[in-house]
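Novice: Listed below are the residues making up each chain.
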Amino acid sequence: MMEIMEGSHAVARAVTLCRPQVIAAYPITPQTHIVEALAEIVANCELDADYITVESEFSALSACLGASAAGSRVYSATTSQGLALMFEVCYNVAGMRFPVVMSIVNRAMGAPLSIWNDHQDSISLRDSGWMQFYAEDNQEATDLHYVAYKVAENHRVLLPSLVCFDGYIISHTYEPVDMLTQEQADSYLPPFKPYHRLDADDPISFGLFASPDYYQEFRYENDQAMRRAHEIIATCGREFGEMFGRDYSGLVEPYRLEDADTAIVAMGSLCGTVKDAIDELRDAGKKVGLLKIRTFRPFPAEEIVKFLSGVSRVAVLDKNISLGSKGAACLEVKDALYGSQIPVLGYVLALGGRDVRKKDIAAIVDNAEKGIGDIFYGLREELLK
Amino acid sequence: MALNLGCTAKPGKSRENKTGSWRVFKPEFIHDKCTQCGMCIIVCPEGCISLNEEEYPVPDYDYCKGCGLCAEECPADAIEMKKEEK
Amino acid sequence: MTDEPCNLFDVGHRACGGCAAALAAKLILEAAGSNTIVVSSTGCMEVFSTPYPETAWRVPWIHSLFENNSAVASGIVASLKRQGKTEKVIALGGDGATVDIGMLCISGAFERGTDFTYICYDNEAYMNTGIQRSGSTPYDASTTTSPAGKCSFGNSRPKKDLPMILAAHGAPYVATASVAYPADFKKKVEKAINTPGPCYIQVHAPCCTGWGFEGEKTIAIGKLAIETGLWVNYEMENGEIKKVKKVKRKPVEVYLTEQKRFRHLFKPTKKEEEIAKIQQIADRNAERYGIDIVLKK
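If you're matching them up, the sequences are chains C, G and Y in order. For the first sequence, our numbering begins at 1 and goes up steadily by one. For the second sequence, our numbering begins at 386 and goes up steadily by one. For the third sequence, our numbering begins at 472 and goes up steadily by one.
In short, the hints are calculated from the structure, not lab data. Check before you lean on any hint, since a few could be wrong.
Beta-carbon label-pair distances, calculated as ranges [stated by the list, open to error]:
#	chain 1	residue 1	chain 2	residue 2	range
1	C	P112	G	W407	51 to 61 Å
2	Y	K713	G	L436	30 to 40 Å
3	G	K395	Y	T557	52 to 62 Å
4	Y	T616	C	D374	22 to 32 Å
5	Y	Q554	C	R246	50 to 60 Å
Cβ atoms here follow ideal geometry from the backbone N, Cα and C, with glycine treated the same way.
Build out the structure end to end from the sequences listed, making use of the hints.
Specialist: Here's what the structure looks like:
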């Protein structure tokens, strides 16, 4: 059913339809609208859940860990500083293989303090063993939550998942969203069947320590689970498409890439702007296309090779940077294309909420054609004397 | 021996670790002196003392670490710590 | 010896011989029974009981991180409620995990009125990492990060009074206990888990390795702590002290001389002033809690 919804509210509704039993979240801009909406939903008995108003994000994810271990589907949401505070627990959740799903309303990391959007927060967790999905618009932000739960809870995966969408750009903007009904959600996402849980009838000890004789193999198994997730995401995404008409089987999504000279690679809401820019550039005779990365973990290396083998150059847009090195997507795309002779040029842009317009995309394509890359795009030179 | 997903374990595995091998001193239970108060069973940090058919305490020497708490706390002085001959 | 194990805290764990924490774990599960979920923080009790693939726990048990057992417990309690399950939730942590790094989570869990019991085994330092000073280390105790030396008498601060802090959070039942009085401890555990809301027990757990005495003396040392007034066993209900263990008090010296961690107060010379300060702490405890037995004329 189509509704005009603020991104946060659409996500809150989708989460409600997923029937989490325990929600533990701590308020932080720009996530607050989600947790407020959920609090109201619970207070009005529209969702049968325990809503724990925890004392910090660290405790939020810890409470989710506990509830998941006890056998409940759980939910949390955070961003930036909050996610950073959860860092220790994130590794714990992934290592213990609890299928927690958490929304990340992408926001820049301080210092300097910034409440505006970029991808530094979730990207900084890419080593942690959490799957990562990036939504292009309110619809994707909504739908990816159902898919994330289904994939995470699959016993061949059992990895937690971040569903990332851009702060303010998605969270606080109104767009038409096709919401599922409770019936539809239930038919796609059955009740949580834990692999194991805390239960006096079948006692298990969780969270043992692993000596050097065992640790490496546990990490290997987690890595294998992340690789298996690739196929499970495709299956669950395809199923969603078959049931509701929006296909999420691709970890990437090409746009006008078939005969492209220059391929742009990007994640998140930026893709919307890039698509519009591509249409204009195409009208002006430039053969440009986009490869949207929707799943960053597991990283779709095969798809990168498959879709980009035919292009003359790749311009990777990163709303994040590993200081002193490059943006995360640029490095991974380069790695995937190693061996081909295709130049991969990285552009760090839109940090801390700086706006990106169609003409910026055109300028970047221009730079790429001239071989100018691996730069911070759009610096205010007058501030840098 | 496949790994348990997420680093878990089921009850019972600690029994494979026979901590009795740690012992230097071994408690000897003198049942003639024992008043069957049960104190040794209560204070043993291993929980390895149990009652035999006559309801006298008997330690499980597979696990007894020889810490001496039972001997120290026995109100009847019915337990003696003796250096173990290995 | 039958093949049927009857202890919920099993043999084969790797605690030091005479370990009070191991004794505490055994007593806790004897009191709580099998319908219990235990949430442990990182520390001695967790490490000596669960090296993969071994576990000494015969109840459902979870260890997450050093400082978050109260938060994890909050999540478990919520989940159990949703599922209509009846297990009691006990969070276990050492003094370091509880009064220092875990303050955020324990305060939050208690403020929210979480229906669980937190039991802190207080061995008065970060023992698992090698005897470092915690907020619960007593005045003048020598630890590796508060060592006695040419210009130091050891730890320069008194113990943090977490029982009072949690009573101020509105905890319906707060108690202190000692492994030296096991029956009393078990009674308190039973009371705590059957009192709705967040309950707290701090159990004194003399550490032979960390304090410097023979493992067989664990209970004797625990008794001396109480008899000198440096540890007080009491119960609080809704913030009011209801029951206190009274003693015929002994001077603090008889407790201090038994432990290597206080040896610097006696050797090479006796530090009368410092011992007097410790005596003052005991005297203040005596006054505050009313522990002295007063014989009626």
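Novice: Run every hint past the structure and note whether it holds.
Specialist: Outcome of the hint check:
For the pair C/P112 and G/W407, the beta carbons lie near 56 Å from each other, so the given range of 51 to 61 Å is met. At about 36 Å, the beta-carbon gap between Y/K713 and G/L436 stays in the expected band of 30 to 40 Å. Remark: the range hint 52 to 62 Å for G/K395 to Y/T557 is contradicted by a beta-carbon distance near 22 Å. A hinted range of 22 to 32 Å for the beta carbons of Y/T616 and C/D374 is inconsistent with their spacing of about 47 Å.
The hint said 50 to 60 Å for the Cβ distance between Y/Q554 and C/R246, and at roughly 33 Å that hint is violated.
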